[in-house]
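Make a model of the complete structure from these sequences and hints.
Protein chains in written order, with our numbering: chain L, 144 to 445; chain U, 13 to 366.
Keep in mind that the hints are not guaranteed to be accurate.
[Claimed, not checked] If you anchor each label on the Cβ, the simulated ranges turn out as follows:
(1) Asn-14(U) to Val-255(L): 17 to 25 Å
(2) Ile-374(L) to Pro-210(U): 53 to 61 Å
(3) Arg-156(L) to Leu-225(U): 39 to 47 Å
(4) Gly-160(L) to Lys-31(U): 37 to 45 Å
No lab work stands behind these hints: they were computed from the structure.
Think of the CB as a built atom: it goes at the ideal place given N, C-alpha and C, for glycine as much as any other residue.
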Amino acid sequence: MDASAAIAVTDLRKTYGTTTALDGVSFEVGQGEFFGLLGPNGAGKTTTLEIVEGLRRPDSGQALMFGAPSWPPNPDLMRRIGVQSQTPAFFERLTAAEQIHAFAKLYRVPAVRADEMLAAVGLSDKARTRVEQLSGGQAQRLAIACALVHDPQLVFLDEPTAGLDPQARRNLWDLLRDINAAGRTVVLTTHYMDEAEALCHRVAIIDHGRILECGPPETLIQKADAVTRVIAQAALVDAGELRRRFPEATVTEDDTRIVIASPDPAPVLAELAARGALRDLVVKGATLEDAYLTLTGREYRA
Amino acid sequence: MNGLGTLSQILLRGYLRDKASLFFTLAFPLLFLVLLGGLFGGADTAPQVKVAVVGPVDVLDALTDGQRAQIGQVLAITRTTDLAAALDQVRSGDETAAIVQQGTQVQVHYSAADPSSAATVRSVVESLVQGANLAATGQPPRFTVSVTTVQDASVKQIQYLTPGILGWAIATGATFGAASTLVVWRQRRLTQRLALSPVGVPAVVGARILVSLGLALAQTLLFLGIAAAFFDLQLTGAWWLAIPLVLASTLAFLSVGLLAGATTRSVEAGNAVCNIVVIPMAFLSGSFVPLSFAPDWLQAASLVLPLRQFNEGVLDVLSRGGGIGDVVVPLAVLLGFAAVLTTVAVRLIRREAD
Ligand SMILES: Nc1ncnc2c1ncn2[C@@H]1O[C@H](COP(=O)(O)OP(=O)(O)O)[C@@H](O)[C@H]1O
Ligand SMILES: [Mg+2]
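Okay, structure coming up:
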């Protein structure tokens, strides 16, 4: 095991009554890494995070942060980590500024640091707004600011972009990249493929309490031997003919489009060019979603 | 500022910004106090029991002026000679009882509508008759009874109302406070979040207790102050013993709220459970109406309720001239009650936590 790892998790198991939440989870996160736990709802992401943070005790297995066990709770470790929970943990009826100043006081951090963090997440103009009145994206930003107020080395973010509109999501992505670029190790859970692909250095795909695959998104995609999708206009070519010509490809069609999913797109493109069917042609590279499908043989249930 | 102070400040601020909480813990009970205090409170409306005395009644006629004045604290006597008219007045509720002497028998006619006042009349007349019988034997009395034995019934309404309404307000504040903090903070995973901060969970619990105790003391000050200033509430000797009772009952009510919060998932459900507990408890503890209407078994059973213990204890020290001896049992019951319910609630919360 790498002693310099920010997190080292071995064979975590956890059951709630008859539900098996974690069924032998192991992974490592290096210092400075942006690590993603990707999986559908109920996969065991939050349980994994809470065990690593030291909030829950695993039935068996062990989680280490900076080489020290997470359980029993360890005040020295707590000071080095920042946590944003799935639902923003806010005190009732406080303003955004009061909220982050409260956390600054609890962590014995100077008040100016609270104001700086509020500015860093772009919420200075919402300082006097009650937390209940913040939009979803603003609330997540404030929660992240509260998690960062004591300048932790390791940050846990549990589905920070769930329920946000696309614009707010992109804005938050920029913020998360900055946090990582500042030298912090970030562990993020998400059920969005594109998010994991866009942000994470390495991703662990988790479902039913097991890690199915772990590695950099590109490697997972390659390893899965994932396909490229070529999308042509249905009016210009005949789907049946393409199926005969490229038996290794999966060809699907609807009224307007034909999708040719093939591990080797070059001959497909040559064929389409020869038939003069390049108008409005779209080529999509393999995504983590394809990798997920191939790896697990399962429909993705987001 | 340390974690306890910071969290207490946060809770207090949240409370002061919550209009519903302010209304139900301060404004609403205060409104009750002012309304009922205004109706029954004034100094002149001491709740003497009205009786009509028909014709000559030896035991009453033979009283000295001093004895007459003493009985006058309890009974407002009207003299008449018309038995039929007096009985009509008893029936219509204008008089509580009619007293008439037939030969050597003193007869008390009363209506069943107001048994506690009737009991007062009976006990006064019985004591007078026994005194007269004793005097007739020519023996010096071996025991003497003073009329203060029936003083309980003569406690002025405001002396009774104030502790009752105060207890109800404290019960509301502490149960709802504990339940909503527990439910909301668990729902928002704030408790878990704070468990990972340097302050830890004990500071959270401590802050909740501190703020609730503070609120209960503020309620006490406000209610006693207003009742004393405007409605002639008398704070007799050891009234300050009400303060330990206030603090201990706050702990008991916090434990009720903790249990309500531990067994529910949403704020609405938590509040509903608190309502279902607090309002019946207030009636069964005699907070609004004296318990004398209730059957004996119910009066005995209600002694396990923290609010009943509070009411009895505070009435003793505030209005019946009680002392330390009168608060020991209520304090012990209140603290025991808090300990038992807290243990149960903590078990429930723990079981779920991991
Ligand atoms: N406190 C709990 N009590 C009982 N079951 C739970 C509890 N927390 C989580 N679970 C169950 O454990 C499984 C994993 O949950 P979780 O870790 O929250 O998944 P995710 O965060 O990936 O959505 C789910 O089946 C969930 O229903
Ligand atoms: Mg989750």
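Now for the hints, and whether the structure bears them out:
1. Our hint of 17 to 25 Å for Asn-14(U) and Val-255(L) holds, since their Cβ atoms are close to 20 Å apart.
2. The supplied range of 53 to 61 Å is met by Ile-374(L) and Pro-210(U), whose beta-carbon atoms lie about 55 Å from each other.
3. Checked against the hint of 39 to 47 Å, the C-beta distance between Arg-156(L) and Leu-225(U) comes to roughly 43 Å, which is consistent with it.
4. Look at Gly-160(L) against Lys-31(U): about 41 Å separates their beta carbons, and that is inside 37 to 45 Å.
Violated hints: none; the structure is consistent with every hint.
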